[in-house]
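Combine the two chains into a complex, taking the hints into account.
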Amino acid sequence: MNAVEIEGVKISYGNLEVLKGVDLSIPERICFAIMGPSGCGKSTLLKAINRLIELNDNVKIRGEIKLFGQSIFKMDLTRLRREVGMVFQHPNPFPHMSIYDNIAFAVKCNRIAKGKEIDKVVEWALKKAVLWDEVKDRLKNKANQLSGGQMQRLCIARALALKPRVLLMDEPTANLDPIAASKIEDLIQELKKEYTIVIVTHSPAQAARIADQVAFLYLGKVVEVGDVNEIFEKPKNELTEKYVTGRIG
Amino acid sequence: MDQFKIFLLPVVGLVFGIIILMLLVFTLNSIPIFQHEGVAIYTTNIWKASEVSEEEFYGILSAIYGTIYTSTIAITISLPISIGLAVFVADLMPRRLKELLIIPTDIMAGLPTILYGIWGVFVLVPTLAEIMKFIHGHFSFIPLFSYYNPTGFSYLSAGVLLAIMVTPFATSLIREAYVAIPNIYREAVYSLGLTRFEATKVLLSYIKPAIIAGTLLAFGRAVGETVAVSLVIGNAFNIDASLFAPGYTISSLIANQFGNAFAYKLMPSALFSAGLALFTIGLIVNIAGLIVLKRWGYA
Numbered sequence: 000m001n002a003v004e005i006e007g008v009k010i011s012y013g014n015l016e017v018l019k020g021v022d023l024s025i026p027e028r029i030c031f032a033i034m035g036p037s038g039c040g041k042s043t044l045l046k047a048i049n050r051l052i053e054l055n056d057n058v059k060i061r062g063e064i065k066l067f068g069q070s071i072f073k074m075d076l077t078r079l080r081r082e083v084g085m086v087f088q089h090p091n092p093f094p095h096m097s098i099y100d101n102i103a104f105a106v107k108c109n110r111i112a113k114g115k116e117i118d119k120v121v122e123w124a125l126k127k128a129v130l131w132d133e134v135k136d137r138l139k140n141k142a143n144q145l146s147g148g149q150m151q152r153l154c155i156a157r158a159l160a161l162k163p164r165v166l167l168m169d170e171p172t173a174n175l176d177p178i179a180a181s182k183i184e185d186l187i188q189e190l191k192k193e194y195t196i197v198i199v200t201h202s203p204a205q206a207a208r209i210a211d212q213v214a215f216l217y218l219g220k221v222v223e224v225g226d227v228n229e230i231f232e233k234p235k236n237e238l239t240e241k242y243v244t245g246r247i248g
Numbered sequence: 000m001d002q003f004k005i006f007l008l009p010v011v012g013l014v015f016g017i018i019i020l021m022l023l024v025f026t027l028n029s030i031p032i033f034q035h036e037g038v039a040i041y042t043t044n045i046w047k048a049s050e051v052s053e054e055e056f057y058g059i060l061s062a063i064y065g066t067i068y069t070s071t072i073a074i075t076i077s078l079p080i081s082i083g084l085a086v087f088v089a090d091l092m093p094r095r096l097k098e099l100l101i102i103p104t105d106i107m108a109g110l111p112t113i114l115y116g117i118w119g120v121f122v123l124v125p126t127l128a129e130i131m132k133f134i135h136g137h138f139s140f141i142p143l144f145s146y147y148n149p150t151g152f153s154y155l156s157a158g159v160l161l162a163i164m165v166t167p168f169a170t171s172l173i174r175e176a177y178v179a180i181p182n183i184y185r186e187a188v189y190s191l192g193l194t195r196f197e198a199t200k201v202l203l204s205y206i207k208p209a210i211i212a213g214t215l216l217a218f219g220r221a222v223g224e225t226v227a228v229s230l231v232i233g234n235a236f237n238i239d240a241s242l243f244a245p246g247y248t249i250s251s252l253i254a255n256q257f258g259n260a261f262a263y264k265l266m267p268s269a270l271f272s273a274g275l276a277l278f279t280i281g282l283i284v285n286i287a288g289l290i291v292l293k294r295w296g297y298a
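Chains as they are written, first to last, in numbering that gives the first Met the number 0: chain W, 0 to 248; chain B, 0 to 298.
Because the hints were derived from the structure by calculation, they are not lab data.
Here a beta-carbon is modelled for each residue, glycine too, at the ideal position from N, C-alpha and C.
Careful, some of the hints might be misleading.
As the list claims (entries may be wrong) - Stretches of chain W that chain B covers, calculated by requiring three or more beta carbons in the stretch to come under 8 Å of a beta carbon on chain B:
{"no.": "1", "stretch": "70-80"}
{"no.": "2", "stretch": "96-110"}
{"no.": "3", "stretch": "152-164"}
{"no.": "4", "stretch": "208-214"}
Next comes chain B alone, as it looks inside the complex (with noise of 0.2 Å):
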């Protein structure tokens, strides 16, 4: 046993130590930019590149912004029906059409990104467009429907891109959940006389850590999702309140300035800075994701 353990461990090792020279690649890549301009990297929403090194300034707030704001969109438009489905699916379905739903998710969640991201530019952006104009034709006067001119490119497309992307891998967690739920509470919920909505409210009461996982977890996704976003949202640096205004997020940032990066002095540690704050997101979204989803544990 003892050794099988020490067989394992350079593997183990592996995994943690990608993680830690990863980690400790993008602080040290950091450090110039750091060094140069402090925090305002972080805190203001200026992208100045200049041959002249003591002029390039970089500050990402607008991509920061961009990616809580697209992720948070896709989380409001994915977790009800993600609920839905999940509820849809094991609840309603005939035991025998179900894998007809299942199969078709569980693809959808692991197409490569791009096709999503095609998609997008050539069908859900020009749709969109039509109905943003139409909404901001007679609401613009609400803030999250003010920007002027929609042309489709923008915060909302990015977000019901990303929603689109994460439904199923949210939908199949909360399933699992679901479905997993001891039958002594199903009979317990049934026993009492209440509607099939009422009982499917205590029942989905039960998983809640479940679902706030699902949801972190597939917030976590959408954080990290690249391509498909960068078609779509505008990649403009922007700051709007407006759903229908384009923006950045950072990953979009980094894949779309990558290229010219290395003409520059401080814009690859610029960029090195904007994955260092994707990783962060990205790490304690997902941690927090899988503490409730450990701490799960009544009875």
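So that you can see chain W by itself, here it is in the shape it has in the complex (with noise of 0.2 Å):
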């Protein structure tokens, strides 16, 4: 079965039409990048994804998605949006609270464990997102006092402590140095083994590097879908070849 399936979603904001009909399959326990230039609708399709896109106003989504064969619309909000993590591209966890409790409180309200476990889950998502020997020490320490890199590995691991089956990646290393981003891409070859991974990107080379299936999204609209050799050795579509070749985007 398929982790995502996104069947003829269309997506607007007030009168602009932003995905023009987009249909797309995504296996379980792969890296599936969704590349395409800015304003191509990436993100509001990673969104939908797990429905934040309807926090904005005037959104009209149509079309269905489903999650391993259940429609996310029928789902309990609160259970979709723990089957699906988030992960954005500011790196966004609350700064005024400690490392810690950025991934604790979480865990209590989705009653993923109790009492003394939630240490474990806390230490397990941090070792998982590669974070727990840098910040091991400083637990109860501000989040805000971490790196970049650092604070993106932290949502990283707050979103991992809910086990999700699917996390969703949004440009995760567009606000970070070539080292941490290097990190970050390492620690999802690792997760794609468990977890189904959906990641936004605008840079090809970035999606050459890490994605074993590639999408290319133009103007609200899928151009091309493939194999990650396929699309970038040998493209159907003249726009991709343009794209992974870098000569529009």
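In structure tokens:
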């Protein structure tokens, strides 16, 4: 079964149609990259999968999105967002909370663990996000004392702690320096063995490095989708070729 | 640029000058009463006016107590309402209806306070009196409700009235801060499978400094409110734990006693020293509020 099934999705803000009918099948336990130039609707598509897009006013969504065969529009919203974790473009741990609490509070609210068990989940998530060794001695410090790359890994840990099956990543390295970015990319390679990762990126190079399958989105439509080698070595569509060779974007 | 600065300097100087001069006037005029009885003016509850100046004795402890008591009641009532209203307007109301609630609250914040006072005397006090009698009848063993035969003119009435008056102010401060929470944190909260209640709790904890500052500034307003309070508090030199007891506040004391103060030698000085106490409380609360607001700079 596919992890995420997107069928004829059209999304508009007011009168502006951003997605003009998107179909995608995202298999389980791979890293699936959605790439395309700015403004092509990649983030909108990603945020439609956990219905975060509906926080905006005037959003209209048509079409169907299924998570492991079940319509997300018929699922309980808190359950959907527990199963579909998300990491954002700007590292956004809550600055007023401690490193520990950033992870623990959502674990508590979602009843993932209780009492002493919470400590274990926090440690597990931080290890999973390869942040544990850097922060284990200062878990009670405020999260805003971390570096950008550490903050982003904390956000990944925060998402993983809820034991999601799908992890959405919206340009997670866009605001990081190259070293921090490559750490995140390594982490993604590790995580895709257990999770389905859907990553949005505006960098074809990044998609080529980390993804198994790639969809190229242009002006609200999927131009081409396929295995990463196909897309980058013998693209069927001229637009795709131009994009991956850096002539548009 | 420098000439511009020089041009503005007198304006800045004027503002600071007025504050300093006021403080000076209050301090200088308080000296006679301090010489007469020392700090007893602030630590005793005696109000003895006399033609013979040696027999005059004034202690405004009951007014200081009443000021803090009524303002605390006001904040206790107003804070949950302000937060609830702020969240409701920001998150739950349809965009077009928001103004419908924001405009009346802003108008409420700016109304002349005597209007609240009159409403308090003719509507609030009689209504609360009935409720007080009922509660006193059944729960008089609890100290808060213990005052015998409540008339309605009481700490509670003043506190409720003050709550109504400061809520619009507090709610707009909290609402502004709540709406200004960066979108990236809003998205983060909602991406974590939290219920609406849990998500709101996290967002409110993010603006906690703004809530504290809003509370302090609202407290400052409640402390300074005069006319409305003096109409409903009962104006009695009284220190009582009961919500239903009549009392005094510093500002209502000054307003009430001012008329006949000049018939006595030391009473004007006593009222100035009361003003000094009010000045100090107001200054502390407002500065604390502003400091908290200033320090609020995480992200």
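Evaluated hints:
no.: 1; hint: 70-80; in the structure: holds (count 4)
no.: 2; hint: 96-110; in the structure: holds (count 5)
no.: 3; hint: 152-164; in the structure: holds (count 4)
no.: 4; hint: 208-214; in the structure: violated (count 0)
In summary, the one numbered hint that this structure violates is 4.
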